[in-house]
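Just so you know, the protein sequences line up as chains A and B, in that order.
For the first sequence, position 200 matches number 200 in the UniProt record's numbering, and the numbering has no gaps at all.
For the second sequence, position 109 matches number 109 in the UniProt record's numbering, and the numbering has no gaps at all.
In case anyone wonders, no lab produced these hints; they're calculated from the structure.
Quick reminder that beta carbons are idealized off the backbone N, C-alpha and C, glycines included.
Check the hints yourself; a few may be wrong.
As the list claims (entries may be wrong) - When the alpha-carbon atoms are kept at most 25 Å apart in a straight line, the in silico DSS-like pairs for lysine-lysine are as follows:
#1 B/K270 - A/K258
#2 B/K137 - B/K277
#3 B/K143 - B/K270
#4 A/K270 - B/K258
Stated by the list, open to error - Which residues of chain B face chain A? A few of them, derived with a C-beta cut under 8 Å, are:
#5 Q153
#6 G203
#7 N208
#8 N221
#9 G230
#10 S233
#11 S238
#12 V248
Protein chains: 2
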Amino acid sequence: MTKVRLGIVGAGIASRELHLPALRKLDELYEITAVNSRTVEKAEDFARLVGTNPRIFRSYDDMLGSGEIDAVVLAVPISLNPGMIKRAVEAKVPVICEKPVAPNISAATEMLALSREAMVYIAENYRHIPVYREAAKMVSQGKIGRPVVFSWQKWVAFGRDNKYVQTGWRQSPKHIGGFISDGGVHDMAALRAVLGEVLEVSGFSARNFDFLGAEDTAIFNIRLESGVTGDYSVFYGSPVARNRLDIVGDEAMISIDKDMAELTISGNRKERILVNKSDGFVEEFRDFYRVLNGQKNVLGSVLEALKDLAIVEAGLLSSKERKIVGVGGLLMGSDLR
Amino acid sequence: MTKVRLGIVGAGIASRELHLPALRKLDELYEITAVNSRTVEKAEDFARLVGTNPRIFRSYDDMLGSGEIDAVVLAVPISLNPGMIKRAVEAKVPVICEKPVAPNISAATEMLALSREAMVYIAENYRHIPVYREAAKMVSQGKIGRPVVFSWQKWVAFGRDNKYVQTGWRQSPKHIGGFISDGGVHDMAALRAVLGEVLEVSGFSARNFDFLGAEDTAIFNIRLESGVTGDYSVFYGSPVARNRLDIVGDEAMISIDKDMAELTISGNRKERILVNKSDGFVEEFRDFYRVLNGQKNVLGSVLEALKDLAIVEAGLLSSKERKIVGVGGLLMGSDLR
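The shape of chain A in the complex, shown without the other chains (with noise of 0.2 Å):
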């Protein structure tokens, strides 16, 4: 089994903490090769974290050239992956890219075509965490019956000295929402993969502190394909950390403790399951690997990524337009002109 070379981009939080720790326990399939990013010192800093001696790239287009890389890893600040994701695929350099895909749908409209031309694999590590997929599971085994209601209290504590808050590119967000969209993607990502396709959204949202970048909370009223409708409620800076999925059917409840990793039945029927507290990255990392062999792209796929972002913005959309919004029509971009 060949070695998949990569290029790291960006060597911030991302590249460092969440994806190198997934790759060095995927050695069998993975070396790094090449890294590149803005600052040279935090370039060759994470050079020697990786430790086998990579090629730094003072530029982003000479690495992509360098016939020295099979795919190219983007951990960028959000409003840059348009841009690099298509100067990768010019150079027909697989890449896998952090979520979300663009800082908004319309600055989205070129990846779906891209992705045509070379591959592109969206890194929503959400898709991949084992509570998620085994809420996804148990769900579609009927286990609560028909799901009728739920209810998601994302209450993130995060302060001033948070190592995510600090990030500038955080500080001053090009993309819709800051965290609520940064955060959000993920989110929708796991509430799909549990309940389905989105329908329609409204949401009021509002800033509640200065530090946070943006909107710093948002409740958002969903209704799903199926007819199940839920409310998703995320406040930033909360002072009691939460993040409880709670998905109410006509015989039963499942709540969904991510930071838990547990999964908890009750009403007509009781079960108490605890999974795999995987964040997702080695699995993430797996299934690209697979991908690159061939297999079709389906959990990375654009447009999956495309439709966590178009809740989002439908919910954004909605709390500044007084109305509700079709995710849908946002994603054709009707809702934006």
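Once you have looked at the hints, place chain B on chain A.
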């Protein structure tokens, strides 16, 4: 202290199981001297239950004109409230009437004017429930800092055989949204007591069961005048029973569990309080007595009851018209035309 002579109208669940037990505890304030019901047999059964041999009236108007009552207690199907309140006011008999004040806002337009001619007290017992009064006090004392987000999970395990579900007029309701308004006005009264007035609502509602009369499921996305946003998730026919209001502030969270009569503060500050489990009916009839004796009608005012109903109607209207609905405009009737 002279006892108030009450004429009870309606011999259903409310009169038998909610009002009578409370009035028995207040026998130094009240005596039941008259009973009226559409079905004479039910009136006779109820009179026997009362035990003090109240006079049975076949006609509501005869009771009002009899001179044998100082006030009338209306516990009749919701759709009858406006007309029967009006007849009491015209007979100059003070009236205490079960909530909601009317089947919808447009049917209640006369009520405010009528309440200026004679004393009309709307029996919203939730305004008297200790757990919500205590919560309001704690929030106003700043125990959670500045309120930011609330999330109310109100999941009611009503089966086909539930006594309320079995009520004929509830099975084919003339009031908006069936149980969504019947129960919802309670919750909106409590919400307003704790967090203040509601500005606007966006909602999705749905009917999931054939036996609950009307919409049985709704998610209301609520924005308060204070800027606080939150969701109210209500599902009748749920396999699990939960009634918990979580309010997250910038310093701490308060969780209000009505059924447990429990208040829990978590976050930077920790506290747990158990209060009296009263359903508020004794407190309510005590307040009504004080109002009869000249105290200003605050907790039982028609305007308060209209505000509760307008929030629920705004949510139901929002779902139908796919827009965010302002509560003020609805109270003016403008959104209905």
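Broken hints, by number: none
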